[in-house]
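> Sequence:
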Amino acid sequence: MKKQVTRNSRRLGLFVVMGLLLTAPCLGQVSGPHLTVGPHVGYANWSRDVNLENGWQYGGRLGLWINGYLGIEGNYGVMSAKTLHGGRNWVGRPEAAGVDQDLTLYGGNLIVNLAPGQVVSPFLLGGYQEGHYDKNTAWPEETFMNGPQIGAGLLLWPLSRVALRAEVRDWIWSFDSHNAQLPDPPGDELTHNLVYSVGIDFAAGGWLAGKDSDQDGVADRRDQCPDTPLGARVDSRGCPIDSDGDGIADGIDRCAGTPRGALVDASGCPKDSDGDKVFDGIDVCPDTPAGASVDAKGCPTDADRDGVYDGLDKCANTPTGAKVDATGCPIDSDGDGVYDGIDKCPNTPANARVDVDGCPIVISEKEVELLDTGKITVHNVNFDTAKWTLRPESFAVLDEIGRVLIQWPDLKVEIGGHCDSRGSDQMNQELSEKRASAVREYIISTFPQIRPEQYTAAGYGESQPIADNTTVTGMAKNRRVEFKVLNTEVLKKERERRQMLQKK
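Sequential numbering from 1 applies to the sequence shown in our numbering.
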């Protein structure tokens, strides 16, 4: 019982010592170019293909560190090992009695410190290692194994310039007997041999890293920013680096490319309170409604200037000046097709025809005549005597007719000239043709909405009288200009439309 208590006490003491070492401040991990030297002891666990018993090996190391991160190292060691099956370096058949044998070890490595400046520093290494069998009666000639080695370990710095070291290496060896009496094994296979070792490294040169309270890799005595947050990258002075200038140090910043001026959260990612994809701090209009389109400054755009932002505006091309509802669509209170805000006559009666200003249009007799008969006949279009030059008093008459015709751009119209029976048939025919052409030219030049190809001119002379040519009154009726619609289906649709409106 007493032995069990003693054994447990020793184990507890070991754990206490290890805990104190791991939690102690780093007193002296060395920085800058420096040398290391120290002894080590290890245990070799040979591959099953190697003709050696597992055993202990002893030796020393000499290293040159370029800085706190990178160094090169040479190692030397010896071990006494007994062969398993006779005097050869590889396992073969038939089995023979084992032979006592001494093995000399040497090699070199590149070593990388993964956490310089820390109390416990993990490291990686890689290099080359050889094992030579000493010459004796069993091996009269030189015989060795060699190949690359890799490994990993820990450095613990309990004292200034002194490190405790633990590591494991894999010697990846092939066989080369150099001995005619000891043939090499078949093939060229590599063996993996694990070696576990502990040792002490003594450092000379360089400078002591000293205590590093904020664990940024810069000793307190040189650290100009001693309260650097854990994980932040620092410069040579120990001050945090902030590449994007957002106030969150690199290494902690999860959004490293933040635009200048943008406000960020604790993780360094930009804020966008109104969700318009322009970050707070850059956003000139930080309260943009959700869904509104914005410009580069984060301000809502309103292409049609109706007061409803693009992205929310369901009627994006509202005419300037028109009043709109909450969705950006124009309001037409009186239903005349002219929007409120533009409508100069906002209380137009239902079904009334209006002009572009929204004011009711008075239906002229000419329009009624056209819809009812399919033509307009005028007798007061005057020309100079025996000529086809329009007299000024005729302009108002033709303007009234033109305003009627432009309501239906699809109309095809024949302008016909008619004369009374005075004069010869030939003269009357030529005169009627030229007068009809003169009227056509006036109409299409005065009203650009009219398509010239849909208007033709024809002269009928005295061939189509509508009254008696023997009286003054009858001859006056026969002297006329007729605007005859050739595609009357257009007028038929208009008549039907108006009848529908009247029923409503």
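Just so you know, the hints here were simulated from the structure itself, not pulled from any lab data. We put the CB at the ideal spot given by N, CA and C, even for glycine. Be aware that a few hints might be false.
To be verified - Below, in silico cross-link-like pairs of lysine to aspartate or glutamate (EDC-like), each with a Cα-Cα straight-line distance of 20 angstroms or less:
id : residue 1 : residue 2
1  : Lys-314   : Asp-302
2  : Lys-375   : Glu-482
3  : Lys-277   : Asp-302
4  : Lys-492   : Asp-372
5  : Lys-375   : Asp-302
Said to hold, decoys possible - What follows is a list of derived Cβ distance ranges for each label pair:
id : residue 1 : residue 2 : range
6  : Ala-350   : Asp-468   : 45 to 51 angstroms
7  : Ala-350   : Asp-372   : 19 to 25 angstroms
8  : Glu-489   : Cys-315   : 32 to 38 angstroms
9  : Gly-126   : Val-198   : 44 to 50 angstroms
10 : Gly-60    : Arg-222   : 31 to 37 angstroms
11 : Leu-486   : Arg-403   : 33 to 39 angstroms
12 : Gly-423   : Asn-487   : 31 to 37 angstroms
> Check each numbered hint against the structure and report the violated ones by number, ascending.
Hints 5, 9 and 11 are the ones this structure does not satisfy, whereas the remaining hints hold.
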